[in-house]
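There are 2 protein chains.
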Amino acid sequence: MAQSILSHQFENGLVLVGEPMESVESAAFNILVPAGAAYDPAQRSGLATVTCELALRGCGPRDSRQFITDLENLGLQRGEAVSSAHVSLGGATLAKNLPPALGIYADLVRRPHLPADELDAVRLVALQELRAIEDDPSHKVMLELKRRYYPEPWGRPSEGEEEALGAISIEAVSGHFQRLFRPNGTIIGVAGRIDWPRLKELVGELLADWKPMAVEEPPGERRGVKIDHLSHDSSQTQIGIAYPSVPYRHPDYFRASGAVGVLSGGMSSRLFTEVREKRGLCYTVFASHHTQRSRACVLCYAGTSAERAQETLDVTLAELNRLARGIMPDELSRLKARVKSGLIMQGESSAARSAAIARDWYHLGYPRTLAELGQLVDGLTVEGINEYLEENPPRDFTVVTLGPAPLRVQAA
Amino acid sequence: MAQSILSHQFENGLVLVGEPMESVESAAFNILVPAGAAYDPAQRSGLATVTCELALRGCGPRDSRQFITDLENLGLQRGEAVSSAHVSLGGATLAKNLPPALGIYADLVRRPHLPADELDAVRLVALQELRAIEDDPSHKVMLELKRRYYPEPWGRPSEGEEEALGAISIEAVSGHFQRLFRPNGTIIGVAGRIDWPRLKELVGELLADWKPMAVEEPPGERRGVKIDHLSHDSSQTQIGIAYPSVPYRHPDYFRASGAVGVLSGGMSSRLFTEVREKRGLCYTVFASHHTQRSRACVLCYAGTSAERAQETLDVTLAELNRLARGIMPDELSRLKARVKSGLIMQGESSAARSAAIARDWYHLGYPRTLAELGQLVDGLTVEGINEYLEENPPRDFTVVTLGPAPLRVQAA
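Residue numbers (our numbering), protein chains in the order written: chain A, 19 to 430; chain B, 19 to 430.
Check the hints yourself; a few may be wrong.
One copy or two, it doesn't matter: identical chains are merged, so the pair holds either way.
To be verified - In silico DSBU-like cross-links for lysine-lysine, where the CA-CA straight-line distance does not exceed 30 Å:
| hint | residue 1 | residue 2 |
| --- | --- | --- |
| 1 | Lys-296 | Lys-158 |
| 2 | Lys-358 | Lys-296 |
| 3 | Lys-354 | Lys-114 |
| 4 | Lys-244 | Lys-229 |
| 5 | Lys-218 | Lys-296 |
| 6 | Lys-158 | Lys-229 |
| 7 | Lys-114 | Lys-229 |
| 8 | Lys-296 | Lys-354 |
| 9 | Lys-158 | Lys-244 |
| 10 | Lys-244 | Lys-354 |
| 11 | Lys-114 | Lys-218 |
| 12 | Lys-354 | Lys-229 |
| 13 | Lys-358 | Lys-244 |
| 14 | Lys-244 | Lys-114 |
| 15 | Lys-158 | Lys-358 |
Don't read these hints as lab results, they were simulated from the structure.
Turn these sequences into a full structure, and let the hints guide you.
Here it is in structure tokens:
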């Protein structure tokens, strides 16, 4: 299928990336604002999340209720997320409703009301979310793993800390907004039934006069302990393992993530086969490549009963170590079939493509077409991946466990 | 967009429903086999799940490994689920890979190996999943709510029971398969880039000589207690509420589910606004319509801290009772915009459409086009919904809580 992706950088640094999709009736957008959790002040972890939530409570001429009403009348299916780098604001709807939806989101990123009288309700919701994680140990162990693996503040969970959330004032929220919400570094991905010249003009009208500001990206500093156990009264043990990898923009990325795809991702993948299918050690086991712009890792998870946890950890680490000895041709051909089928599906979803092209721009400075992605996957060879693995064997493991008793970590 | 849906019932009772989608490259299928958890023998709860898992470990000429390898080489993105009524087997891939994938699935439903030497691993995985639910209280409370709301065996969780799982023998699995896997009652939905005449011919070759068998649908018998508390050592309390509604095939269904859409579903919905946005009582609160073929309910969930749980329950029940007093025109117009936008998105996904047309056939005996669904939504009026609510106010609540202490249930 022919596919073109267009992009435009406005003078204030704002980037618009658009992918016209003629086969759909919908249009979707994804706005990445460089104001994620890594920008939270050290004693105010959770500020990005609270700022994002409060920004959703009225902007421009609309109060909180009108904001929601207007979006719902446009049939917008929306979602927000705070990662370490970004506040991301996404939406999908009928193509004809895209322009008014973008108009509302322009108000959101430039003229939110940040109402003081709603701060307490927003804070309570954030505290509830934080406490709910305590009741969700599989979520918690991975969050604590990232916190220890990545150098501060890049592993900081966007959910924040209880004490920090309690101390957030309305002045802190509005200061955070004024310091960080800016056009330079902001990327808007749009995909679906769009008219590029008109879209570019509209976004220009809405956002070209937004003033840029210099903001320093937080450096990555000291990292956490490598082996840790969190005591939790349960019959289950959660296991999280991380080891270093290369980020998306690195030339070795596809070789590195291809190796992870052999380890996990399909039903014939090694972790699934060895840990779940053969031994029945656990219900869920996976490894996935996790990338930031300048650093990355492979994250592995297994959740099992406390009595089988040591064996599960040992088998999982043995599989990670075995990966260094290389992959087989049949593993690569299955991986390619899987990834290419996934690309076809992605190409049929305006929401998936709007997010992908915005993310590409953040990591690479340009968007990749599905054809280019397909070629990169096609270009993978067993020799190439094995060479990468020989030079970069899984090692230097960070291991966090959560459960009734610590485990012995033998291979770290 | 023009849309036609074709269907064919083979002499053995098997139904094929197909929706050609010219705008996609993919094709997806969803096979509903009438062998869900409600058919489990009383002392073998979990047998449907174990049978499904073991059927995935080799069929026809393929052993377990070959089965997975063949599917992965076709780039099939697959998923299985066991509901009370069905074992459902779904997959999506490039359109050209659909015929060989269906060939493999025909072996799966007719000629699975059900290997005795893999039963223990399958059982262990099922036990791990069961134990993982104990660590996932929001999942657990809704599962226990459905168990109490629906008459036995229709509320039985597909995950089964620990003792029952332990007692399942290979003879029980193969007997279960032979008793239940049959063409009559099985529905195959296929959507995407398909050629209907060739698809019908292929499915006929694969499955037309499959022998039908008479199986009685389990009756719904006694139901569980209406107010229950499950003690759980946590700082959080999980709240589940169910009340009666009409199933999908009932003429009042769209009025009933429209009312639930005003209660929950969008950011301006009543539960979200009153429980979360105004009072910050919890992070997640929702209500959703849940339908079986002959019975249905509205399920509500709220998870919050133990100290705010009583207030959360009281406010939620008050909103359910207030719904009986009717909805407003602006609420209905937002709901319509939301639902119709959702239909557009559904129309762009072959996987979503293949599941929807199979489900329609199960409930109605025919598939609904998106245009027909759109008209049904357009036809909703404030008066119609309010009339329904006056005659069928939310009442007769089943309430299950999970947490450190029971709550007072005032409105049930």
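So, going through the hints one by one against the coordinates:
Taking the closest pair of Cα atoms, Lys-296 and Lys-158 come within 30 Å of each other both inside a single copy (27 Å) and across two copies (28 Å). Taking the closest pair of Cα atoms, Lys-358 and Lys-296 come within 30 Å of each other only inside a single copy of the chain (28 Å); across copies the shortest separation is 46 Å, beyond that limit. Taking the shortest Cα distances, Lys-354 and Lys-114 sit within 30 Å of each other only across copies (16 Å), while inside one copy they are farther apart (37 Å). Taking the closest pair of Cα atoms, Lys-244 and Lys-229 never come within 30 Å of each other, the shortest separation being 42 Å inside a single copy and 59 Å across copies.
Taking CA atoms no more than 30 Å apart as the test, Lys-218 paired with Lys-296 passes in neither setting, with 54 Å inside one copy and 37 Å between copies. Proximity of Lys-158 and Lys-229 under a CA criterion of 30 Å is satisfied in neither setting, with 39 Å inside one chain copy and 50 Å between copies. Taking CA atoms no more than 30 Å apart as the test, Lys-114 paired with Lys-229 passes inside one copy only; the shortest distance there is 29 Å, against 51 Å between copies. Taking CA atoms no more than 30 Å apart as the test, Lys-296 paired with Lys-354 passes inside one copy only; the shortest distance there is 24 Å, against 49 Å between copies.
In this homomeric assembly, Lys-158 and Lys-244 come within 30 Å of each other (Cα to Cα) only inside a single copy, at 16 Å, whereas the closest approach across copies is 33 Å. Proximity of Lys-244 and Lys-354 under a CA criterion of 30 Å is satisfied in neither setting, with 34 Å inside one chain copy and 52 Å between copies. For the homomeric pair Lys-114 and Lys-218, the shortest alpha-carbon distance inside one copy (15 Å) is at most 30 Å, but the shortest distance between copies (37 Å) is not. Proximity of Lys-354 and Lys-229 under a CA criterion of 30 Å is satisfied in neither setting, with 45 Å inside one chain copy and 38 Å between copies.
Proximity of Lys-358 and Lys-244 under a CA criterion of 30 Å is satisfied in neither setting, with 36 Å inside one chain copy and 50 Å between copies. Taking the shortest alpha-carbon separations for Lys-244 and Lys-114, neither the intra-copy value of 51 Å nor the inter-copy value of 48 Å comes in at or below 30 Å. Taking the closest pair of Cα atoms, Lys-158 and Lys-358 never come within 30 Å of each other, the shortest separation being 32 Å inside a single copy and 37 Å across copies.
Violated hints, listed in ascending order, are 4, 5, 6, 10, 12, 13, 14 and 15; each of the other numbered hints is respected by the structure.
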